[in-house]
Structure formats: structure tokens, C-alpha cells
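Enquirer: Note that the protein sequences, when read in sequence, are chains U and X.
In terms of the numbering used here, the first sequence is residues 1 to 803.
In terms of the numbering used here, the second sequence is residues 1001 to 1293.
If you are wondering where the hints come from, they were derived from the structure by calculation, not from laboratory data.
Just so you know, even glycine gets a beta-carbon here, dropped at the ideal spot from N, CA and C.
Check the hints yourself; a few may be wrong.
From the structure, some residues in chain U lie toward chain X, with a derived Cβ separation under 8 angstroms [said to hold, decoys possible]: (1) N129; (2) R322; (3) I359.
Derived EDC-like pairs: lysine to aspartate or glutamate, alpha-carbon spacing no greater than 16 angstroms straight-line [claimed, not checked]: (4) U/K130 / X/D1111; (5) X/K1281 / X/E1072; (6) U/K426 / X/E1127.
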Amino acid sequence: MSKAPATERKAKEGIARDPLLGYAALPGVADEMLDANGQIRPVWRNLISHLGRMTESELRERFARADRYLRDAGVFYRTYGAQGSGERNWPISHVPVLIDGREWETVCKGLIQRADLLEALIADIYGDNKLVQEGFLPPALIAGNSEFLRPLVGVKPVGGHYLHFCSFEIGRGPDGNWWVLADRTQAPSGAGFALENRVATTRSFSDIYAESHVHRLASFFGAFRDALQSHKQYPDDRIAVLSPGPANETYFEHAYIARYLGFMLLEGEDLTVVNDRVMVRTVAGLKPVGVLWRRLDAAYADPLELNQHSHIGTPGMVQALRAGALTFVNALGSGILETRALLAFAPTVCRRLIGEDLIMPSIATWWCGQRSEREHVAKNIERMVIGPAYSRLPFFDDNGQSVLGSSLRTTAKDTIGDWLATEGAKLVGQEVVTLSTTPAYVNGKLTPRPMSLRVFAARTEHGWQIMPGGFARIGAGDDVAAIAMQSGGAAADVWIVSDKPVARPTLLPPEESFTRNMPGSLPSRAADNLYWLGRYIERAEGALRILRAWHQRYAESADPNAPLLADVTRYLKGIDIEMVKAVPAPLLRNIDSAIYSASNIRDRFSPDGWLALTDLAKTARRFHDTVHAGDDASHAMTILLRKLAGFAGLVHENMYRFTGWRFLSIGRHLERGMHMTRLLGHMSGPDAPDGSLDMLLEIGDSVMTHRRRYNVATARLTVADLLALDPLNPRSILFQLNEIRTEVEQLPNAFVNGQMSPFYREAMRLHSGLAVMTPEAMSEETYRKLEQEMEKLSDILGQTYFS
Amino acid sequence: MLYDLSLHMGYTYDVPASGARHVIRLLPLSLPDRQRLIAGSITVGPNADERTTFIDFFGQQATSVLLRAPHEKLDIRMQARVLVEASSMTADLSPQLDTLGQELADFWSVDAASPHHLTGASPRLMEEPLIAAYAREIARPGQTVLEIALAVCARIHKDFTYDAKATNVDTTPKEAFRLKRGVCQDFTHIMIVALRSLGIPAGYVSGFLRTIPPPGKERLEGADAMHAWVRVWCGEAMGYVELDPTNDIPAGSDHIVVGYGRDYSDVAPVIGVLKGYGNQKAVQAVDVIPLKS
């Protein structure tokens, strides 16, 4: 690039630093920020002049704001590697990509045409198959395609459309024009990440964002939400996001989208088909579902008629579709449109189906199942990338399944013709593309990095709408293949900049009300997880309290065989906590179980709660490795208890008091009640070692209260009175049963035909049974029976609400 | 030949199953100039709470049932009367192997009868290098497609031992090929993989065999349960030919067709997902009685 213009501007604007921060475009490559003459494109000028004026520390501080936002919001995606899978923070590239609004209009035109083309194509593939009969599409590409789902052939979608939400991977070539690199129709991901990217980036550049005319994203989602509402056939139909579950790469986004749009987040096992209608199992019984935004690959949706090995599907789903009871976004079978080899046929198919030429071309692709195409690929092998014909991933994102023709050894090149002749039907050749570059901030400098855009299209009541933005995938190096996030690529926000002020719909919350989940539509599985989250959290707390009391005493006596300590060790062993380490492994497992339950209901969780919980787990793990018995451990337990209280406090202060809350609450109270009952049974008997009663009071956090209320030394009766029967002590058994009773009254189906449900009746019976007891009557036998009855209460709860 | 067919499949569960959905594919097909289903019924015990029928992609009638209440036993019965017309093999009109590929490429259809469904891999059948090598060794240059198919059928019959204990319904062709043992399903799968490796479209046929042989003839293997054999595409002029590798014969008037598919998974007689745990035991009884010839 020429240095002169930059220097001139610097002089004019009085900028101390190089406004381009050392940026220079690569030769022969288009650049998003600089035009062919090295001039800054107009839409970038404002941002760059700001950046040029910032000191490095200011820039770092601004970028840190974005990182902090993403971390606090818990934005992650799952990676898969040799060490198994793990969560990785969303890799943001802080400098947004800016695109001129007028140029964007032509991009939109091209992509809307393409969405129409894909709709016509899928309708033909699952309908009359004219394209094959007339010789436009090779039959092998359909019949040999694992995404050609035969049970769906002839099944017309309700409302007439197969596709409702698509995304496109597009890139800019050296001549400055855009190309489609891949179509995503199966379960396009990234729309939620695009939203989070936007929020994070505006944290860095709130001032610049506010004064630039950047198109907002919210109205796109609003229009799509309204479109989904309009697909409901019955007023009581639910709309849900169907997820394969927390093990999926983009589960965070499934939960995020569900929460953002106010839809339920469901998995296959939440659903059942009754008389050809799809129903969700909720704590108030079966409720109809009319629209499913599917993030599950279609083949897994129904183990009866699709992939018989699927454990995450719903038997009878295809049957319900045949009966026309359900709208899938997108229709089952749409994944076939992602087939790489189909790109080769897009131009002719477009002319045949909609009578137009493609506005935006696809990346040049040749299917090697045809002779002349095969020969073309062999002749031009140096400019080709060869990959699997049926792959549904773009070549730079397919985990190394594609090879560059130029990387083949000379000997291999000689035999390329033979290879293509025998394996041709399984291969495609694609012209190697050089993607445009965009500035990324690397080591204090703006550096050109290859990028592609992911753009989203949603079918609304007024036709296809293109999200004004999306996200740009930024390569980790010069290599195009490094754009894939699994190999270290990052994502940047995309600003579509208008020369006029833009409309500003709010992001959150939407103004008008929509599918507010009605009382009782809490899915049974979510209720189950909330209940167990409550129980695991309380179980951890119970164990922590005992362990702290144990280590305090051990710090004084240093004798683990002292009668009291030995007795408590025995008790702990009875509840599967072996005291091998000061912070025992079973305690960690307990916290992990709580996290597992919570991870299944991320859509119902505030990011703060999640952070508190994972922080607790991290700290416990560290203590497990480092903490020694005695004073050190007792201190560690205090820290863990405080973190746990932090989580409980967040939940208590912030969670909406609805059905879900009640299950969590019942879980906590029931576990706490059982814990106290078991403990009293063990430690308040006549044979209990000296000091047992004082330790009990300490575990039950009731030392002060006892001193004030009874004015006597601890005795069996006063301890039983305070820890078992006192209705005002938040640690007593009676208190827990009272709370459970109160919660149960508010649950759906507490009364069936005017009669108490079995669960309600049992909770009532337990509560009143204990309320009339006297301290004298509280024997070991009484505690044992009480504990059994509480176990039974838990079973009845499960049968009533979770099955 | 007129047949009365009856079949009973019984399942016993260790733990009661509830909310069980099944898709049943047991009724014989009606095929022009080949066989006619005169009457047929499927009954399920306990009674189904929901029941619908539909025609699947390959043209077979499927019955979908839901049994909501907990049950420890499931009985599925099929009864049918079928008229089968004796068919004889026509002259060999199939092309040589090296021109079959072009005939296939010129076959512009993906409807149910298209041979394009029967190439490459299918849900149960991956490419197997060992079976491909086996097939290459059998096929001779200059042979027609039908000659190759007959040769592979004969070789499998010769090299493999019928042994109902050696394999089960989930055995892969690779495993059965290693064992050199198995039942009709295994031989059928191996023959399909072998033919497809040579580029010959081949598919799965499920059906029944007459139980009692005609006087003076030996009883055929596989007559006491449902049977399976292979469907081979022999080019545009000849179309499909059905060969039974278990008995090394072409499918004739002793063979009653229930369904066509790419492999077993398309025609499995009962697909069911049980909401329950534990083992299940299954019994199967088949009678194929000729009424008159």
C-alpha cells in the first residue's frame, strides 16, 4: 500500500499514532477495510480514526470489557479433542467487520434468491423429483445421500414450506465480489452467538457504535418469532427449541435462543406422540407442541422411522408429521441441501426452478461423478481442493477431509485421473478461494486475517428476511482452513453501516408480550433436574457442615480416634463419604452432580447462578489437592460454605417464584430434613459419645439460639426440641416439612377432582405427624422411620411429576 | 400356488414395558404377475391404544401401534392368503459388468424402483474390503451381471454354513463373513455387500418360504422363520432378479415377498422402542401351507 495518504491524514487530524496501527493489506487479496488503492473505505473511517487515537492500554481496557461480558454471560461452545470434550469461551475477535449498507442490499438480494432456490429444490427432492427425471440432478446424489430421508418423501409440510431458517457462509473473492461457500439448512447455528457478539462488541465500542448508523439485530428476531407464532394450528400449542442436549457443541446457544425468544427448551425425551399430536411431558401433564425449532440432526428425531440407534429422538415423530400436526423448523430431511456436490448444480437448477441466473454465485464446484467435470478437475488440479461429495461441511471446516490439489506429490498428480475415475462419484473438486482479509488486533497491531461471513435468513410473514449482520469468522493465521473455530479461529461482530440513522428496536426485553409460558408448562425433565439440583446442593452443604465441625475438633485434639471423631467418621462413611482426604472426593462428586443437573436446565438459570456454581466446584477441586486436615480444612470448609451460600442467595434472591422454583425448593428442604433426621438419629441417642450434642448444635447452626432459649446445658430433650420440632428454626426437621407442605399446595395438580393428590396427602401427613410430637418421643426408632417416610415422599414426588 | 400363511412373534419382558410404540412390517406384498395378497391381517395383543397403517417408501404396508399400559408380553400375529404365480428365469439379458455403470448413470429416477437406492453403503451395510476382495476373486472378465450374481450366490452357499446359533439379528456382515456361518439374513447381507462392491445394485428382500417341500424335494433352509434373499439389478432390459443364497436358487414360487429394502433395517418385521429396562425374550413361529398348486 502507499504510505502517502495515511501520512497526510495523520498531519491533518493531528493524530499522534499511525491511524492504521501498522495495517497493510496482503498483495492480490481483497480487504474489507482498505480498497484496491489502499484507501480506507468510507464506512470504516470513523472507527479507525477512533482506534488510531486510542492508546494501547485504552484499547486493551475496551477489549477486556467485551471479554468480561462474554465470560460473565457464560457464553461457551463445546470443543472436541483428544482429551475428550470441554467448554471453551467464545473466541471473539474484537474489531468488528464493517460493511456498507448499500453493498449489503445486493448481498441480501442474492441470499433471498438463494433461500427461494433452496426451498424449491427441497420441495422437488421430497416431491416429484422432476430435476432428476429431466437430467438436472444426478440420481446418485439423492439416492446415495444419507440425508435423503426416505420416510419423509411425499410428506408435505404444514403451511407448505420446508425451510424457515437458513444460514449461508459467504466470502469475498479477489475481484471484490461475494461467493456462497456453503448453505446451512439442517440446524443452522450461530444466530444466538451473533447476538452475544454484538452485545460484547458494543461493550468495547459503545461510543463509536452509538454514533455510527449500525443496523440493529433485534427486529430480525422479533419478525421470526412472530412467524413461528403464526405456525401454531391450535391456540394452546407450545413452541419449543428442540436440542440434542448439553453435550452438543452449541448447547449454550440453544438455551440462549429459547430464553431470548421465550420458547421452551426441550429434548427428544421430553416429547411423546399421542393420537398423532406431539406433546411435551410437563409437571401438569401432557401439553401440545405445535412448532419445533430443531437443533437436532433430522436422522435422530425418530428412532422408529429414522435412525434406529437414536437415543435422543421421539418415537412416532414422523407419524405426527404425516398427520400434519407439527411444523418443524426446518423440515426433517432439509439437511440434504447442505451436500457439497449440490453446489455444482446450483446454477442450472436455479434457471430450471425459478427461471433466473444466480445473483450470488457459489464457489466453483465440479462433481467428479461426471466425465467432463472429472477431466476438468484433473487438468486443473493445482487450483483445486478435492473433498468428499456428500460432505455437509464447507472445505475449510471439515476436519481435514479435503486436500489441496497443489499439496499432492508429483507422483500422486500423475495418477489423479485414475483416482477420480474410480472414486469420482464420491468426490468434488472446488476452486481454491482466496478470501478477503479484515483487521484483527494481534499483539498490539492490526493484522489482516482471512474471513468469511455467516449470514442468517428467516422466513417471516413478509417473506425472507436477512439478519443485518451476523458474524464474521476470522482465521487464526493466513491459512483459510484456520477459520474453523475448532482450530483456533475467532468470530467478529459484523456492522452493516447505513449513511442514514437506523431504526432502533430494543434487544431485550421485547416490548409486546408473547408466549409467556403458562402455569404448569414446566417440562417434567426440567422439574426433575431442578429438584435434584436442590437436593445435591443441600447434600453438599450438609457434608460441609459436618466436615467443618470434625476438622475443628481435630485441630484441637489431633486424635482421629477420639470417640466423638471416630463416631462421626463412621457416620460419614455411612453416607458414602470416606475421609481419605481432608476435602474428600465424594464431596466433589456431589458438587459435580449439582452442576450436571444445572447444565440440563441452563435456559432457566441466570448466568450469575451458573458462575457461582462453577466457581464453587473449581475451588473445591483446588482444596481437594492442597488442603490438610485440621485447622486448614476447617477454614477451607468455611470458604466453601460461603460460596455455597452465595449460590443459594442468588437463587433465592433472583429466581422467579414459579413452578420450577418450587421443585428446587422442595429438593433443598427434603434433603435438609433427611440430613437432620439421620444426624439426630445417630448423634442424639443415649450411647452417643461425649460432645455429640454440642457438635449437633454446631452442625445445625443453632448454638446461639439454644443458649438463649433454654438457658441450660445441652441435653437430649432440648436438642430434639430445637433441631427436630421447633417450627421457627430454619434448620429443624419440622421447619422443612412445613415449607414442603406450603410449596406443594402451589404445585399443579395438588388437588385432583377436589381431592388431595397422593403427594400432597403424604406431605400433609408427615408434617402433622411430626408437629404433634414431643421431644421425649423422639427416639432413634422415630428418626429412622421418619427418614424412611421422607424417602418415600421423594419417590411419590417422582412418580407424580417426573415420569 | 395358493398359500395360507400364519406367523406368531411373541416377546416376554423382564420388566413391564409401557408406552411402547412399534412399526410392524409383516403383510405380503401384491406384485403384478408375481403374487397377490388375497386377504391378510395383523393382530396385536394386548390391544393397541393407537393403530395406523401407512405405505413406506419402498411400497410396503406398515402398521404402527402404541401400547400405553404396562405389559409383560407382546404377541404379534399375521395371517394371510397369498396367490403366488410360478415364475421362471428368462434368458440372460443383462449387460457385461463394464457397461452396467453407464446404464445406471442413464437411469434418471430415484423412485422406489430405482436401482440407485441399492448402491454404496446403507444403514446396516458398510463397504467391507475383505468381502470386496472375495467378490473380485469370483467375478471373471467378460461375464454378464447375472452370471456374476449367480456365481457369488453359489459361492456363498458353498463357503458358508447354516448355523442359527452363530449369529444374531445385529451381526454385521463383516463378522458373519469372518465366521463363515450364519442364517439367511447374514448370507443376504454378505451377498449384497459383495455385489455392491463390484458396482452391481443389490437389495434386501424379506419374506417367507413354503414350510413343507413338494413330494420328493428336500426341505429348504429357513422355512421355520421369516426368510431373506437378494434382489439384483441386472440392467435396464432385464431389471431385477431375485436370488436366494441360503439355498442357492432363484426365488421362485416357494418364495413369498413381504418387503423390499436396502438392507434389513428397511424391512425389519418389528421395530420397537420400549420404555422399560431389562432383557426381552422372543419366539417366532411360521407356517406356510400350500392349499393347491
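Enquirer: Using 8 angstroms as the Cβ threshold, decide whether U/R322 counts as touching chain X.
Expert: Nearest chain X Cβ about 6 angstroms off; hint holds.
Enquirer: Using the nearest Cβ pair, does U/N129 come within less than 8 angstroms of chain X?
Expert: Hint on U/N129: holds, closest Cβ of chain X at ~6 angstroms, below 8 angstroms.
Enquirer: Let's test the interface hint: is any C-beta of chain X closer than 8 angstroms to that of U/I359?
Expert: Because about 29 angstroms separates U/I359 from the closest Cβ in chain X, which is outside the 8 angstroms limit, the hint is violated.
Enquirer: Please verify whether U/K426 and X/E1127 have alpha carbons no more than 16 angstroms apart.
Expert: This hinted pair holds, its Cα atoms lying about 13 angstroms apart.
Enquirer: For U/K130 and X/D1111, compute the direct alpha-carbon distance and say whether it is at most 16 angstroms.
Expert: 11 angstroms, holds
Enquirer: Between X/K1281 and X/E1072, is the straight-line Cα distance small enough, at 16 angstroms or below?
Expert: 11 angstroms, holds
Of the hints listed earlier, the one the structure fails to meet is number 3.
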